[in-house]
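J.: Spelled out from the first residue to the last, the chains are:
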Amino acid sequence: MTENINDVNEKVTPEEKEEKPRLMKENDVDTVSKKQTAMKVLVQIALYAFLVIMALIVLFPFYWMIMSSFKTIDEYDALVPTLWPQNFRWDAYKVAFEKVDFGKIFLNTCYVGIVSTILSLVITVLAAYAFARFNFKGKNALFAAMLATMMIPGELFTITNYITTVGWFGWDNTFIILIVPFLVSVFYIYLLRQNFMQIPNELYLAAKVDGTSDLKYLWKVMIPLSAPTLISITILKMMGSWNSYIWPSLVNSDKAYWLMTVALRTADFGEGAYVDYPAQMAAVVLVTIPLFLVFLFFRKYIIRGVSRSGIKG
Amino acid sequence: MDNKKKNQWKAWLYLAPTVVLLLIFTVWPMINTLRMSVLEGYDSLKEIGGASFSFGFDNFKQIVEFYRFKDCMLTTILLTFITVPVSTLLALVIAVALNSIKFVKKTLQTIFFLPYVTNTIAIGMVFMAMFNRIPVGDTYSYGIINNIIQAFGGEPVNWINGGSSYWANIAVVSVYIIWNALPFKILVLLGGLQGVNKQYYDAAKVDGTSRFRTFWRITVPLLSPMIAYVVITGFIGGFKEYSSVLGIFGPSMGPGNHEMDTMVGLIYESVSEQQGQASAAALILFVIIFAVTMINMYVSKKKVHY
Chain A
1 MTENINDVNE KVTPEEKEEK PRLMKENDVD TVSKKQTAMK VLVQIALYAF
51 LVIMALIVLF PFYWMIMSSF KTIDEYDALV PTLWPQNFRW DAYKVAFEKV
101 DFGKIFLNTC YVGIVSTILS LVITVLAAYA FARFNFKGKN ALFAAMLATM
151 MIPGELFTIT NYITTVGWFG WDNTFIILIV PFLVSVFYIY LLRQNFMQIP
201 NELYLAAKVD GTSDLKYLWK VMIPLSAPTL ISITILKMMG SWNSYIWPSL
251 VNSDKAYWLM TVALRTADFG EGAYVDYPAQ MAAVVLVTIP LFLVFLFFRK
301 YIIRGVSRSG IKG
Chain B
1001 MDNKKKNQWK AWLYLAPTVV LLLIFTVWPM INTLRMSVLE GYDSLKEIGG
1051 ASFSFGFDNF KQIVEFYRFK DCMLTTILLT FITVPVSTLL ALVIAVALNS
1101 IKFVKKTLQT IFFLPYVTNT IAIGMVFMAM FNRIPVGDTY SYGIINNIIQ
1151 AFGGEPVNWI NGGSSYWANI AVVSVYIIWN ALPFKILVLL GGLQGVNKQY
1201 YDAAKVDGTS RFRTFWRITV PLLSPMIAYV VITGFIGGFK EYSSVLGIFG
1251 PSMGPGNHEM DTMVGLIYES VSEQQGQASA AALILFVIIF AVTMINMYVS
1301 KKKVHY
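Protein sequences appear in the order of chains A and B.
Using our numbering, you'd call the opening residue of the first sequence number 1 and step up by one each time.
Using our numbering, you'd call the opening residue of the second sequence number 1001 and step up by one each time.
Read the hints as simulated data drawn from the structure, not as lab findings.
Treat the numbers as computed from the prediction; the structure is a model and nothing was measured.
Don't take every hint at face value.
What the hints assert, rightly or not - No farther apart than 35 Å at their CA atoms in a straight line, the calculated lysine-lysine pairs in the DSBU-like style are these:
| # | chain 1 | residue 1 | chain 2 | residue 2 |
| --- | --- | --- | --- | --- |
| 1 | A | LYS300 | B | LYS1106 |
| 2 | B | LYS1205 | A | LYS35 |
| 3 | A | LYS35 | B | LYS1102 |
| 4 | A | LYS139 | B | LYS1006 |
| 5 | A | LYS139 | B | LYS1010 |
| 6 | A | LYS137 | B | LYS1006 |
| 7 | B | LYS1102 | A | LYS40 |
| 8 | B | LYS1198 | A | LYS35 |
| 9 | B | LYS1198 | A | LYS40 |
| 10 | B | LYS1240 | A | LYS104 |
| 11 | B | LYS1240 | A | LYS300 |
| 12 | A | LYS94 | A | LYS104 |
| 13 | B | LYS1005 | A | LYS220 |
With these hints in hand, go ahead and build the complete structure from the sequences.
T.: What follows is the structure, encoded as structure tokens:
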């Protein structure tokens, strides 16, 4: 408020300033409130300007990726860049599709994603159920120990898991090696357990009286009631297999078992001065669009999972 | 009584897959990492072949003295200490701005979240393309970022190509990490802002507090638990940085040969051989992350208002 009144004083004519101490006149109140609305509008304009500029910066890489993918190599390499392609050409997409072997790799990724999601859901549901509904010796200690493992960075496990799966099990160049080591997620068990515990115990006791078996109760009551969490887990897990790079590139050298990101990063678009950048950008578009589609349709579930985990992918 | 026993048995049956998988892929690795790090010159292939190794701390000495260790450490620390403060502050300002508008708020929110649902390696390749320069005849096609710099009268910079400077590389990777880190931070901070009681702001308004002061004296303290959360997760993520560099530079991890390599990169490069040293490096990284997290928690305990 002090600021605003100073502002008003600056604008008043010097003659008026002379008469001191001056009393507030009716129209002064008017100017003050007018000033305030003007300030408010100015602040709003500034906020929008800032947000729109930031949004454009955030969007620019996507824009550039899409525009580049429709250019010819010559247009892409031009000394003066074009912000809009002269002609929209799909040629780069054909090249990208072949170089990445997109169809085959897409199937690979979906296969690994679907199998690991299903298995992971079964394991997670059973474990969360045990923690939420049963009393057994060592329950709290086990749960605490499991939560404690979440603090250890995954990089610490990778070396041994590599030795175990490749050296001892001989699983290199298979799909199993991409699935089994990552089936258990303590975080998902924790999420689902919280969800299960919110379901009133009376429901369980009533079902017991009716002679419903535990598994049937789980299937008919608990799972439908925690569907949102299960959907979140499914989506994050599928996105995980689409985005995983480090482990697949370590253990599977055979192209037949590659996943999307490995194929994208390894695809050969040329060397040195002869890189086919439009095709590379087209490949990036092909990898990015499905993620955006999933985001558009399952926004709520993704944000649910993300805001609680802070783990990407 | 009988029923109770049956229940015990059932619970463990349901937990069996989880426990078995955790033992193999989580508990054993924890033990084995410690074990490998203190076996001199450990190599799993040799061990499978029947070799044994003597106890000692040679692995730690060798990895620390490894000629690339210091550079990897420096790069990791630089990237973390540049990107965490910048992205947190930027996310905070964006979140506050988003919280004080109504029209097209949802659309803007969606746009700011988009980088989160991308593939780090794929979009890293887009950033590469934006900063890349391509030789054309005896000159260059400088790339869109340099074209923008030129449009404002600046000189084109060799950002990521052969002969580019370390700081130019750091700048590019930092920009990418910040771009990538914003969505999560904005999401958490905006969630926090929406839970803030409006009365505080009304009181500030009545007192005639300036917007800037309101921001520092009311918004920041009230948001401090969320700020602490994004800073702590930011530091942990920063010390594990790897994919962003890989996306931009590819497996060479730099314009030439590993100039931008990070600690995690160093660990992964020695996974298939020299696992003793890789384990030592992983443990060193773990201790650093643990220590930094503890410091963060200690500081936030003193500063955070719950």
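J.: Is the hinted pair LYS1198(B) and LYS40(A) satisfied, with a Cα-Cα distance of at most 35 Å?
T.: Within the cut-off at roughly 17 Å; holds.
J.: Given the proposed pairing of LYS1005(B) with LYS220(A), does the C-alpha separation stay at or below 35 Å?
T.: holds, 25 Å
J.: Between the alpha carbons of LYS94(A) and LYS104(A), is the straight-line distance 35 Å or under?
T.: holds, 15 Å
J.: Verify the proposed pairing of LYS300(A) with LYS1106(B), using a straight-line Cα cut of 35 Å.
T.: Answer holds: LYS300(A) to LYS1106(B) is near 13 Å, not above 35 Å.
J.: CA of LYS1240(B) to CA of LYS300(A), is that 35 Å or under?
T.: Measuring from Cα to Cα gives roughly 28 Å; hence the hint holds.
J.: Does LYS1198(B) pair with LYS35(A) here, judged by a C-alpha cut-off of 35 Å?
T.: holds, 23 Å
J.: Below or equal to 35 Å on CA atoms is what counts here, so check LYS1102(B) against LYS40(A).
T.: Since the Cα atoms of LYS1102(B) and LYS40(A) sit roughly 14 Å apart, the hinted pair holds (cutoff 35 Å).
J.: Does LYS1006(B) sit within 35 Å of LYS139(A), going by the straight-line distance between their CA atoms?
T.: holds, 15 Å
J.: Hey, LYS35(A) versus LYS1102(B), does the alpha-carbon distance stay inside 35 Å?
T.: holds, 22 Å
J.: Would you check the hint for LYS1240(B) and LYS104(A), treating anything up to 35 Å between C-alpha atoms as holding?
T.: Within the cut-off at roughly 31 Å; holds.
J.: Within a Cα-Cα threshold of 35 Å, do LYS137(A) and LYS1006(B) meet the stated pairing?
T.: The given pair, whose Cα atoms are some 13 Å apart, holds under the 35 Å limit.
J.: Are the Cα positions of LYS139(A) and LYS1010(B) separated by 35 Å at most?
T.: holds, 13 Å
The structure agrees with every numbered hint stated previously.
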